[in-house]
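In the order they appear, the protein sequences are chains A and B. Letter by letter, the first sequence follows residues 33 to 276 in the working numbering. Letter by letter, the second sequence follows residues 4 to 521 in the working numbering.
These aren't lab readings, by the way, just hints derived from the structure by calculation. Keep in mind it's a predicted model, so treat the numbers as computed, not measured. Incorrect hints may have been included.
One side only, chain B facing chain A, incomplete, derived with CB under 8 Å [said to hold, decoys possible]:
(1) Gly182
(2) Ala210
(3) Asp275
(4) Gly454
Note that beta-carbon positions come from the ideal geometry of N, C-alpha and C, so glycine has one too.
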Amino acid sequence: MSIVRPYGDTTGDGMVQLSFTLPIPHDKRAEGAAVQLANKMGMDPALLVHARPMGDGFTFFVVYGKVSHLVDTEKVQVVERDYPLLSAKEVNATIKRRLRRRLNVVGACIGTDAHTVGIDAILNLKGIAGEKGLEYYSELSVTNMGAQVSVPDLVETARERKADAVLVSQVVTQRDAHLQNTRAMSAAFREALPAGKRPLLIVGGPRFDELMAGELGVDRIFSRGTTPREVASYLVHALVGSSS
Amino acid sequence: MASKLDLDPRVVRSARRLAAKAGQPVVDLARSHTTVSVERAVLRLAGVQGADQDGIPWVNRLVDAVRADVGLGHGVAVPVFHAMRSTGVDDITVLAQKAAAGAVRFDVPSSRSEVAAVKRAAKRATGGGLKIVDRRRAERERLVKRLGDPKQRPWIYLIVATGDIYEDIPQAQAAARAGADVIAVIRSTGQSLLDYVPEGATREGFAGTYATQENFRLMRAALDETSRELGRYVRLTNYASGLCMPEIAALAGMERLDMMLNDSMYGILFRDINPIRTFVDQRFSRQVHARAGIIINTGEDNYLTTADAVEAAHTVTVSQLLNEFFAHEAGLEDWQLGLGHAFEINPELPESFRLELAHALLARELFPDAPLKWMPPTKHMTGDVFRGNLLDGFFNLVGALTGQGILLVGMMTEAVVTPWLSDRDIALQNVRYVLTGAGNLHEDFAPAPGGFIQQRADEVLGEAVDLLAKIVDDSLLTAIAEGTFGIMKRPADRGKGLDGVARHDDDYYNPVTEALEA
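Chain A on its own, in the form it takes in the complex (with noise of 0.2 Å):
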């Protein structure tokens, strides 16, 4: 079946709830100013379930109601995982046979991100949940430069340790900036160093896309839930081949 509508309690009701708040004080008139909003998405009819002054002039609403429209599931567009899963022996042992040597990933949070939880979880032998993180694969050698690198000092280091793969992570989002910061850096690989020699370039945080790879100028995007083994098994379907 390739057509749905949300469930709410009975197959084929439409049901969905949204919250907002409307910068108007509550009074009747911003309930209906509510319902006016509500229908206008789609919702019809829109019950309203719960309104609520917050200091002055803002009214925080929850609605309830039916929407009209259906989903195509055979028209999303996502990206799917298109290389098998590696286990951690797996991504070692094909490295070994095929590269021959171990494979270099460089790791970073660039621009003003404090943020390292992304990249840690990566990265760090202790990895996320009950995944050990890319340090404890022995035929990869990660280097972790933690917060607030420079494009340059990124760029730098990737050379210096003859990176395979580059990894950065943005959490924060704030007036774009991880989509500025991700431009600048595949930017700079590109001025930096020929085709050929250009590491793989792979972002990841919260709040990308993964069909902006292009439009970004990198190879690869994760988003949220990413783990580290999935990243391994990428690197290796990437840059080694297949395991077979």
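Mind docking chain B on chain A? Use the hints.
Positioned in the frame of chain A, the structure of chain B alone reads:
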């Protein structure tokens, strides 16, 4: 609060003794070194203000000029005030401007009487800055007396972070009206690694607003207005951390900020700032905070965001004990120690809530007179805002049950967006419900003698003592280099800001340190 954990007082004493032993070499290091930022703080207290047309503060230009001529080892006070006397310039900011233009040469006078006269002048000038700090402290005490403290404990601590001080102000005032007792203005990402303090009112920052003297002044004035309107004194918090912590501490003192984030090791571990730079800057900034009557907030919660909150629970205790030692050594009193800890145990773990209670109670009982700062879950906030709100409710309950002093309000949208107006409102409802609903439940809450909570507290304290003993053997700098705290490895000869550190010469003179240690 009566003892609930029945901790062995001998173990507690031995933990404190070990912390002092581990900390003392670092204090000695701090007493024998200075940094560019300590010297700039001295000049700020002596009255240097403003910045050049590129936004580089005159204090930076002046310290750089002195350093180029005579190095930092004498301290800047003597060369600067000697130059004032010999050039006849009587405005220190004008001297800085002339020095930046290359029109002043600095040296250290050889005549004893000249040195004595110069020191007197330096002391007078920096005394003026300290007098402002003292006046601000008295002002706070008056306002608290007149308007009153929050009615409940813990104090409710809320963050604003728009990047624009003029947007922050109405948000902070709205937060205070909605029940916040403490407003923290988060700094722009990256400020901690700036080796200067930006100037003036600022309207753009990333994920936060620059800490500047003018921003401090504007926000404090706005909150004074709101405090009067609400009939309770609303406190203001900022960050004395990063490469400029001594200067920011001085500015905070002069603008009557009430609390400052000021951890002894955070910059080292999480910003890769050189350990020696950090410890030297730390000691000076804490001395200023002690004088200014500012409550410091330490950053132990951060360890748990990188390390596992159960395995690494004892590193929090160790850091709290070290922070306490360094704070006392710098003259801070117990009521000024907002020692940090956090609700960061994986909620999937069986008994996670019981473990949180044990850890929170341990901190409470180890530091009975400190207003502990209780930090909400961040690491296990997944973007599922409904579950996040529930976790925050349990976090609030631990806060109420264990008598925490300062409760940072958790946001269900942690890891999703910087908090929206409605996120903050929902979060405050959560806090109010739990604090009101639980009321004085802590009176009835006594963990079973020898039960899970007491055992866990004993276990963590025991591990803390073992780790402290190891730190005493290896030295604290080695422990930091080896990644004992929060997993990061930070050797003492690396990290940012090392080039701004200098060993004291025999004739080193710092009129501010002298006054603060008097």
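The hints, checked one at a time:
1. Gly182: violated, 11 Å
2. Ala210: The hint holds - alanine 210(B) has a Cβ within 8 Å of chain A, the shortest such distance being about 5 Å.
3. Asp275: Interface hint status for aspartate 275(B): holds (5 Å vs cutoff 8 Å).
4. Gly454: violated, 29 Å
Against the hints set out earlier in the document, violations occur for numbers 1, 4.
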